[in-house]
Amino acid sequence: MSLSPLAIVLLAVTLLLGVGFYGLLVARNLIKLIVVLQILAKAAMLAFVAAGYGQEHMGLAQSMVAMVIVADTVVAVIALALAVQVRRHYGTLDVRKLTTLRG
Amino acid sequence: MALWTSSLHPFLWLIVIPVLASPVVYLAGRLAGAALARWLALIALIVTCAPCVLAAQELAANGAATFTLGLVQLQFDGLSLLLAGLALGLGTSVTLFSNAYMRGETGEEKYYAALLAMIGVMVGLGCANDLFNLWVWFEAMAVSSYMLVAFYRDQPASLEAGVKYLVQSAAGSVLVLLGIAAVFGATGQLSLASIADSVRQAGATQATSAGLLAAGALMTVGFGVKAALVPLHTWLPDAHSQAPSGISAMLSGVVIEAGLIALLRAVSALLGEGDAVARFGQLLLLFAALNMMLGNLLALKQTQVKRMLAFSSLSHMGYMLLGFGVAAYTGQSAAAQGGMFHMLSHGLMKGLAFLAAGALLYTLYVAKGAHGPLMVNDLNGAARRYPLAALALGVAVLGLAGLPPLVGFMSKWQIFVGGFQAGDTLVALLVIFAALNSVLSLAYYAPLVNAMYRREPSHAVRLGAAMPPTMIVPLVVMSILVIALGVWPTLIAWLTEPAGQALLAGW
Amino acid sequence: MVELLLILVIAAVACAIQAIRAERLLNSALWLAGASAFIAMIFYSMGAREVAIIELSVGAGLVTVLFVFAISVAGDESIEGRPAVPRALAVMLAGLCVIGLIWLLRDLTAPTPTAASASALTNALWHERALDVLAQVALIFTGVIGLLGLLAEPRSAHAAETHTTPVEGSQQKIAARATTESPLELQKEAARP
Amino acid sequence: MAAPFITLTIGLPWLGALAVWIAGDQHPKAQHALAVLFAVAGGLSGLALLTTTGAEVAIRLPVGGAFGDFTFVADGLGVFLAVIATVIGSLAVIFSVEYMKGEAQLGRYYAFVLLFIGAMAGLALTGSLLLLFFFWEVTALTSYALISFHNDDPKAVAGGIKALLMTQLGGVGLLAGALLIYAHLGSYDISAFLAGADALPPDLRALIAFGFLAAAAAKSAQAPFHTWLPDAMEAPTPVSALIHAATMVNAGVYLLARFFPAFESVPGWSTAVVIIGMVTALLAAVMALVADDLKRVLAYSTVSQLGYMVFAIGCGSVLAGQFHLFSHAVFKALLFLGAGAVIHAIGTRDMHQMGGLGKHMPLVRGVFVIGAGALAGIPILNGFWSKELILETGLAHGPLWGYIGMLIGAGLTALYTARMVWLVFYGEPRSHHHAHDARPAMAIPLVLLAVGTLTTWLLFGPFGALLAEAVPGLHEESTLDFVTKVVSDPATLLALGVVAIGLLAWQQRSRLSPIAAGLRALEQAAKQGFGFEAINRFVARMTRSAATVLQRTQTGELNWNAAGIAGALLIVLIILAGGGTR
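Protein chains in written order, with numbering that gives the first Met the number 0: chain A, 0 to 102; chain B, 0 to 506; chain C, 0 to 192; chain D, 0 to 581.
If we strip away everything but chain A, and leave its shape as in the complex, we get:
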């Protein structure tokens, strides 16, 4: 099987997704978790580009990727604001310390 560009990009999507999942499971620093969320979002953007490429609908794909970029940046901003507040009130960014709510 010869690798088509599409196959390579799809591979990248799934790999980024895997890396992102791994990060979600092991990262303990809240800000690093936000980095991981960004990686996951990149996987999604790449998936749209791949889909647009495969369907020859790149304009549509691009518009969606642009939306995702913007929405994701907004989420990142809010997440970072939350992280700053967490640091202020918990004295740490370690999510393993954020376990007062359980059970």
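Worth flagging that the hints you see were computed from the coordinates, not collected in a lab. Quantities reported herein were computed from a predicted structural model and do not represent experimental measurements. Quick reminder that beta carbons are idealized off the backbone N, C-alpha and C, glycines included. Any given hint could be a false lead.
As the list claims (entries may be wrong) - Straight line, CA to CA, 30 Å or less: simulated DSSO-like cross-link-like pairs of lysine-lysine:
{"#": "1", "chain 1": "A", "residue 1": "K96", "chain 2": "B", "residue 2": "K300"}
{"#": "2", "chain 1": "B", "residue 1": "K300", "chain 2": "D", "residue 2": "K154"}
{"#": "3", "chain 1": "B", "residue 1": "K300", "chain 2": "B", "residue 2": "K367"}
{"#": "4", "chain 1": "D", "residue 1": "K358", "chain 2": "D", "residue 2": "K100"}
What the hints assert, rightly or not - Beta-carbon label-pair distances, calculated as ranges:
{"#": "5", "chain 1": "C", "residue 1": "G94", "chain 2": "D", "residue 2": "V548", "range": "22 to 32 Å"}
{"#": "6", "chain 1": "D", "residue 1": "V548", "chain 2": "B", "residue 2": "L19", "range": "47 to 57 Å"}
{"#": "7", "chain 1": "A", "residue 1": "R101", "chain 2": "D", "residue 2": "I403", "range": "56 to 66 Å"}
{"#": "8", "chain 1": "C", "residue 1": "L61", "chain 2": "B", "residue 2": "E455", "range": "53 to 63 Å"}
{"#": "9", "chain 1": "B", "residue 1": "T65", "chain 2": "D", "residue 2": "L203", "range": "41 to 51 Å"}
{"#": "10", "chain 1": "D", "residue 1": "Y425", "chain 2": "B", "residue 2": "V475", "range": "54 to 64 Å"}
{"#": "11", "chain 1": "B", "residue 1": "G62", "chain 2": "D", "residue 2": "T6", "range": "36 to 46 Å"}
{"#": "12", "chain 1": "C", "residue 1": "G94", "chain 2": "D", "residue 2": "A157", "range": "48 to 58 Å"}
{"#": "13", "chain 1": "B", "residue 1": "G62", "chain 2": "D", "residue 2": "L46", "range": "52 to 62 Å"}
{"#": "14", "chain 1": "C", "residue 1": "V72", "chain 2": "D", "residue 2": "R536", "range": "52 to 62 Å"}
Chain A is fixed; fit chains B, C and D onto it per the hints.
Frame of chain A, contents of chains B, C and D only:
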């Protein structure tokens, strides 16, 4: 720009008014004080009820209405009406309730602005008829709720809840996006209707159907995070218990339901006919069983009122899933309609429960500047000082447990009828499991009610503040609705029936 | 084209891995910027020219600045100790998900356009998908409100409260309730998890 | 014709509940008056229904959708139970005026009693399975609220929740049965089901039959669900004990009687009913023999007598079961009210602290002895006739072992009745108390019920006629024929002999002490509820420990939460990709 001048259908106002009112409320609050923001938000929502009635009438007369801008279409069908009605009704109650509850909090005007925007985009979510558009509304709903969950940003627990909610939501959102990309890549379509068409007609190739399968899984899990399917639910008890009580009511009463509606809308477009639908139904039934079991057992262990209610939301999500799962698995219209009815009745009852618990939390703690959790023991003897709030909470939780003459009984009944009509042993057993779960839920609701009617009031109750009338009004109205619909369930059939049909039309 | 893509993909994934492995947050953010840049290049080579530029400026530029800013406020804390989820389990779960998806999507690579077809972003964005844009405006607005809500300093005299450690915070909470409750209930309060 | 009276019988008590609640706890006098007014009016309207019975649907409210039509029918069986509920209910309310004087939260008390009465009437009069279940659950809700009325008493709260959970658990059987019927017949109409039951597949009919049996057993406190009723005696007063013991438990017997024609031919069902009835009658009688709490003795005795009724239905005689229900409702109401007067006077329920009360309370003693005589089956009191009818039915149509078991039960009943009366009213006072006789508000219902206990058996003929139209295959006979038949039957002498042995055994209790010592183990077992209590506790503990285990999975750690997402994705992928087909 002819697009802009096309005549605006009434349902568009349901989205436009709250979303446009949001910045106005914020600016009014900044410039003229929070009092203006409070009342302006309420007025905006009440004004929105007028187009809601119009849209409902139009729907009944002419069927689903659409609005197209470019390639993207909004469609107002029964499902949209249900979500819009729920969001607007509960939203109005919450706004009125928050009037006293949030008074004097820092950032009060932002609270109302975000709440309004959330209501607007939720209506939009219900109308979305395009996969990517659905996601944009969905994400907007999520973004507007992040701040509301973590609103008490000086409290560590609230921040913790916000962090968990945000991270899990965002992860779910990425999965949804991947799913949409997979659909787009497999079919080249984004509009739900044309996706469904191409799935049915094209005699899908191997590659396409595998891609759609992956998309279905990704979207189920992605939207499932918001709909709190077990084991994706872990954010819910934290967020629902830590948010301001009005927001807890919104989250539990509408937002998770909106997640479920998004899930059903998106995935049902991919399924085509027959086998895949049944398999999806099985999946929903599996989640239904998990949700009911885990939600009830864990609620049994809770000593904080709001956290208990949050876990009970999980089990009620299970009942809805049971209804929809049966509908998908066997094509039962009664079950689909029952699921819709339960969605509505859960929104009503859980909203009422959170508002009543919030009213008590307010009078016992918040009004005095303390932010403690409301423990079951704090409610001891609450009925003597706050008879209406205690009655409302009692009505709400007993209704949630499915006791007549409250609406929860009738909506569960309808789901169960659908389940039995399916004539499938496994489904029937699951229905009996659900009924047993209802019995189990009494084991934590009943002590709560007992505590409120104790003669010896707790310290907190004895020293509690007076309850402002703006809190009592929504409680009374919603309690009356809970009882009225429990006695005459078909009063609401005009809302649930088209919603059930709209859902089944996709299968 | 294939070779170039392969290199870019490997580079992007490697950057992503490094972003997770990095000890210091600042490095992590920089590796993320790197990944973003490579992904932008992938976009470009696939024909998504406009969003490549957006990604480069927003993803690699703006977001990195935001991260650096946040890290400078929150502090670059190094956290010792094992993660909650055992690494092996994490690798297994993530790996299985990847394998499952690859297995499902393995045939989806069939249509191979001869040339990358660049089409105008603006038409799609402003005409075909205008409704998305409108919804996006609501999203951005609520995001701004959220940011303001989360970061704004309290107006009232609580300012002193904001720099307390968690232990003091919970003591304050108890103190606030102390005026209203008996000592017995207070002990219970303190014992609550 | 019957429509207005049906509406009134259900509606008046409910309206009264609303009125009492609105009147507010600041005006106790008004609350008492309103409650009595509405309850008595409801009772009168119930009595008026007796003149308008008919098997046709009297009220039909089409609701539509999955809810069918809400229908009400005033046939003999239903009207009979409605009359029992409303009349005994109104007596309970009248009695409460004295008993609940000065209690806090009267509004809540009366509202729930009246709600209960209305729901009970609705349960009896409805013709729709959905409404049947609806009212069934409302009675459960109100009885829970009444048992837990004293919310500060943890035993009362636990008793209420236990009653609620256990009856609800059984109710699942009714729910499943009703839904199965609807799924197959497309209608909730009870008469349609009774007519079309034979057309249903046999295994389906068996499922429905046993589901209904479970519901009836739970509601009527039959084994193995009987453990809730004694704990329900924590209710504030004998009045609500009366609601439970003399009224609500009848719903289960009613359910069996109502659906008996449809289930008669289900293999094994009748035998199961006979076994449940007999086992319950015997176990509860033994437990009544060793209990020390006056209300508990009465509660166990109720369970035991309900066993007789269930047994009768299992043997094929709805008439015998319902006739005993009628007698029992009257004499047990008398006994409960009498016990209430005693407890109200001296402030304890422990029979070992009573004794010699007869001297201070001659009226109460007099009526109580009449009621006890009926319970024991002493001739010419109403309990005698109905019990004889059951025993003869058992001999004629039931298995022989069943008959023998019930005979032993009759002896035990006589024994524990004698013990109870002796401990309370005779012998030397065992503690200091200043008992006073019943005051008028208490005395009136007591005397009325005593008169009833002496005379209601005369109504056998009309009673049979009342039921005949509702129960197919029931042959009516006049009171005179019935009396002659019972008196001339040799089995009557046998039964009377057994009763006499029971009474004698109490008389000679000092001589029988060696035997009693041998029965110590049995007594211990009885006090533990024969292990059923342990089963309840076991189930509760298992549930809680399952919850504890699950709780540990909720770590509150964000990373584990994320692992949940990854895991769920994996599972969904597997199910969707490889999952089974329909």
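Failing hints, ascending?
none
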